[in-house]
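Asker: This is what each chain is made of:
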Amino acid sequence: MPADFNWAIGGEAGDGIDSTGKIFAQALSRAGRHVFTSKDFASRIRGGYTAYKVRTSVDQVQSVVDRLDVLIALTPRTIDENLDELHEGSVIVYDGERTSMQNVEIPEGMIGLDVPLKSLAEEAGGAIMRNVVALGAACEVTNFPIENLDSALEKRFGSKGQKLVDNNKEAARAGQNYVADEYDHEFDYDLDTTDNDYVLLNGDEAIGMGAIAAGCRFYAGYPITPATNVMEYLTGRIEQYGGHVIQAEDELSAINIALGAARAGARSMTATSGPGIDLMAETFGLIATSETPLVICDVMRSGPSTGMPTKQEQGDLNMALFGGHGEIPRFVVAPTSVSECFWKTVEAFNLAEKYQTPVYILSDLAMAVTEQTFPPEAFDMDAVEIERGNVVDDDTIDEWQNEKGQFKPHALAEDGISPRAFPGTSGGAHMSTGLEHDELGRRTEDTDMRVQQVDKRNKKVETAQEREDWSPREFGNPDSDQLVITWGSNEGTIVEAMGFLEEEGVDIRLLSVPYLFPRPDLSEEINDADDVVVVECNESGQFADVLEHDALRRVKRVNKYNGVQFKADELAEDIKETLEA
Amino acid sequence: MSSEVRFTDFKSDKQPTWCPGCGDFGTMNGMMKALAETGNDPDNTFVVAGIGCSGKIGTYMHSYALHGVHGRALPVGTGVKLANPNLEVMVAGGDGDGYSIGAGHFVHAVRRNVDMTYVVMDNRIYGLTKGQASPTSREDFQTSTTPEGPKQPPVNPMALALAAGATFIAQSFSSDALRHQEIIQKAIEHDGFGFVNTFSPCVTFNDVDTYDYFRDSLVDLQDTDHDSSDFDAAKDKILDSSKEYMGVIYQEEDSVSYEQQHGVTENMSEIPDGAPDDAMDLVREFY
Ligand SMILES: Cc1ncc(C[n+]2csc(CCOP(=O)(O)OP(=O)(O)O)c2C)c(N)n1
Ligand code: SF4
Ligand SMILES: [Mg+2]
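Line by line, the protein sequences give chains A and B.
My numbering numbers the first residue of the first sequence as 1 and each following residue consecutively.
My numbering numbers the first residue of the second sequence as 1 and each following residue consecutively.
Hints were generated in silico from the structure; no laboratory data involved.
For every residue, glycine included, the Cβ atom is placed at its ideal position computed from N, Cα and C.
Errors might be hidden in some of the hints.
Quick look at which bits of chain A chain B covers, simulated, 3 or more residues with Cβ under 8 angstroms [what the hints assert, rightly or not]: (1) 161-169; (2) 194-205; (3) 240-253; (4) 261-271; (5) 280-293; (6) 487-496.
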């Protein structure tokens with residue numbers, strides 16, 4: 001048996017697939033196993049196929065692969081959808097009493113376990129628990145101590161009363177016993193447990209948690225998949241720290257409400273996805289010219305237009321880099337893993353306040369909905385530092401007033417960084433505007449002042465380039481002359497793909513770039529390599545384009561835009577072929 | 001300190017470039033007087049201005065201020081107030097800004113009932129873009145883009161507000177300085193969203209809705225037996241298209257602001273220099 005194990009539950013949207021999958025993932029995590037989950041889902045609430053996949057190992061896992069060992073199939077379509085991933089010896093758990101499953105055919109070489117999920121659930125207290133019966137069956141198949149499942153059930157249902165928890169535990173045991181009694185098969189799977197403590201969370205939750213850690217106290221948003229989770233995470237939690245979440249009437253409003261809060265001095269953010277970022281683009285320029293620190297998170301999904309709302313894509317890079325009319329200085333960071341979603345959010349708030357610019361966090365659907373395990377120290381709150389930049393108070397404001405005692409919010413400072421006075425500061429009353437303005441923030445069309453203000457805003461980018469660390473993350477063989485470059489959620493997949501590539505004698509250097517603007521200058525690395533491949537989940541290769549522009553050299557591209565994230569084994573093949581081409 | 005504040009403290013040293021005689025002068029003066037009279041000072045006041053001739057008010061007043069994107073002044077004001085409820089927030093803009101491009105925000109700001117004041121400087125025209133029809137222009141009002149008039153009824157902003165659940169609806173006239181100031185003051189003192197539609201004639205592009213017109217046609221509710229706490233009476237006045245009214249038309253006496261409803265009380269600009277003390281609990285939730 002390979003070190004990793006791959007499990008899935010699939011059925012129709014509305015079948016409780018997500019929550020069941022999450023319970024199993026939680027059980028594995030509580031058993032000290034690493035987990036990496038992914039979702040295959042349609043955007044309809046009911047109908048359509050949906051699946052929750054779990055990859056687990058005692059070692060860290062950071063990608064999906066094209067292999068499925070145990071599948072709980074609530075519909076025949078679930079089997080069809082996963083035929084390519086199932087293999088000889090794969091176990092398929094299904095309920096043969098379910099009308100649609102009565103004539104289901106188990107593919108050659110696979111083991112079908114017909115378990116009366118619904119009937120057993122009813123005996124335990126309710127048909128609604130049939131998925132939990134299936135989880136019990138899965139425990140038996142994988143030799144996985146059922147107490148871990150108990151613990152996950154307690155977490156899931158504990159707030160709803162002990163009775164419900166007990167019923168669910170009983171349902172799980174019914175499934176377990178049924179398989180033990182009815183099938184005397186030896187299964188190949190053994191899910192060992194460890195004493196390690198892990199936390200299990202997804203990218204949206206990590207962004208929300210990072211925001212609170214970073215002192216964000218205000219969030220304005222409008223629901224949209226796959227960013228809604230950020231808002232849902234913050235709701236009910238940010239209030240405990242004196243903050244507030246507001247649901248706006250649309251994204252035009254959301255970003256302006258967030259901007260207002262930032263003008264009042266709060267660390268403030270909004271999050272959205274493609275269609276929402278289009279609306280927000282109206283305000284990008286205002287944020288930059290009024291020099292307002294604001295964090296704008298785009299959790300990308302498949303576009304354009306409404307596209308495939310529940311599918312993966314990294315198609316908004318150009319929007320983040322160039323969106324909005326006129327020329328807008330801005331920062332763009334892109335977390336490369338679920339834990340980095342936390343840290344890049346913390347960084348985004350510091351960058352926003354230190355340089356008084358819009359900071360975009362580009363996350364993507366694959367990361368947003370992926371539940372992944374980490375040791376709690378991966379989110380060491382003591383390591384969170386908050387830097388607020390050049391903020392003046394009643395005592396220091398006079399350094400930034402003119403001879404008439406007027407505060408200069410857009411003072412032409414040498415490093416480009418002018419002061420901020422939060423409303424309420426004595427002697428700080430000032431205007432700020434999306435119109436070109438002078439140092440006092442008042443409209444001007446003076447040609448010299450226009451140039452000075454544009455240069456000042458751009459100077460902040462230069463200052464940041466000098467003062468901050470924009471290094472890429474590096475993996476693989478640093479001396480390899482085959483260079484792979486990526487951004488966003490592909491990092492973990494490529495790191496795992498490197499294992500497959502190694503087996504085939506292919507040795508690469510990987511640069512994973514979390515800073516897209518300002519970004520590291522990779523021209524030397526690109527020009528020194530024999531082959532350069534840029535991997536991203538879009539059709540045109542938006543990052544490849546900017547890197548070619550930076551390095552003045554053509555690069556090769558691996559792109560995927562069918563709506564599904566890369567898988568490690570598949571990607572290894574793609575990289576190998578592209579390098580050889 | 002507030003007792004020493006004079007209304008001229010709210011005046012910036014920038015000379016207004018409004019056309020001589022523009023109604024916006026009177027509207028702004030009344031706002032400044034009302035702010036001073038209600039004990040505010042420039043350092044605790046935040047003015048959010050729309051885009052239009054009216055929106056220039058942010059530059060001519062002295063306070064913390066933001067002059068943003070056309071139509072989005074109300075959302076900005078909402079964010080300012082919620083992030084620091086100690087501030088006095090005043091939003092001002094034109095009829096195009098508020099009832100056309102910003103109409104969606106208007107409806108939602110009304111129903112949200114954040115404690116701020118919204119003054120629409122209504123000249124029934126697009127002034128800044130030199131005289132096109134606005135949502136409050138008359139049906140037969142001829143402009144460069146509507147040579148035969150818009151041929152659609154003007155919006156009734158007060159009816160919109162009432163339907164959206166407004167807790168304070170008033171109308172004032174820039175040239176009736178005393179009444180205008182009084183009405184704005186009441187809007188400021190109102191605990192919730194204080195909406196005032198202020199007729200501010202455009203002397204350059206609107207020769208129909210003029211000073212004379214308003215002077216002749218406005219009925220001051222003060223001179224009637226109108227009871228502003230009576231919803232039905234307010235509804236009748238608002239839907240009465242035969243007259244233009246001035247004064248507080250509707251005020252819900254026991255209005256509860258959004259901030260009170262949601263327990264938003266803190267000045268959110270104050271945060272520690274690291275993660276909150278118990279932040280590791282957030283991580284442990286994910287066990
Ligand atoms: C998105 C956008 N569209 C159009 C404009 C052009 N524009 C500026 S002000 C304005 C309308 C002004 O009318 P109103 O709000 O009534 O203000 P007034 O000038 O009458 O005070 C328009 C259309 C703009 N600035 N932004
Ligand atoms: S054009 Fe009209 S609204 Fe604009 S400043 Fe002149 S009079 Fe006032
Ligand atoms: Mg107007």
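Asker: Please flag the earlier hints that this structure goes against, numbers listed from lowest up.
Answerer: As far as the earlier hints go, 1, 6 are violated by this structure, in ascending order.
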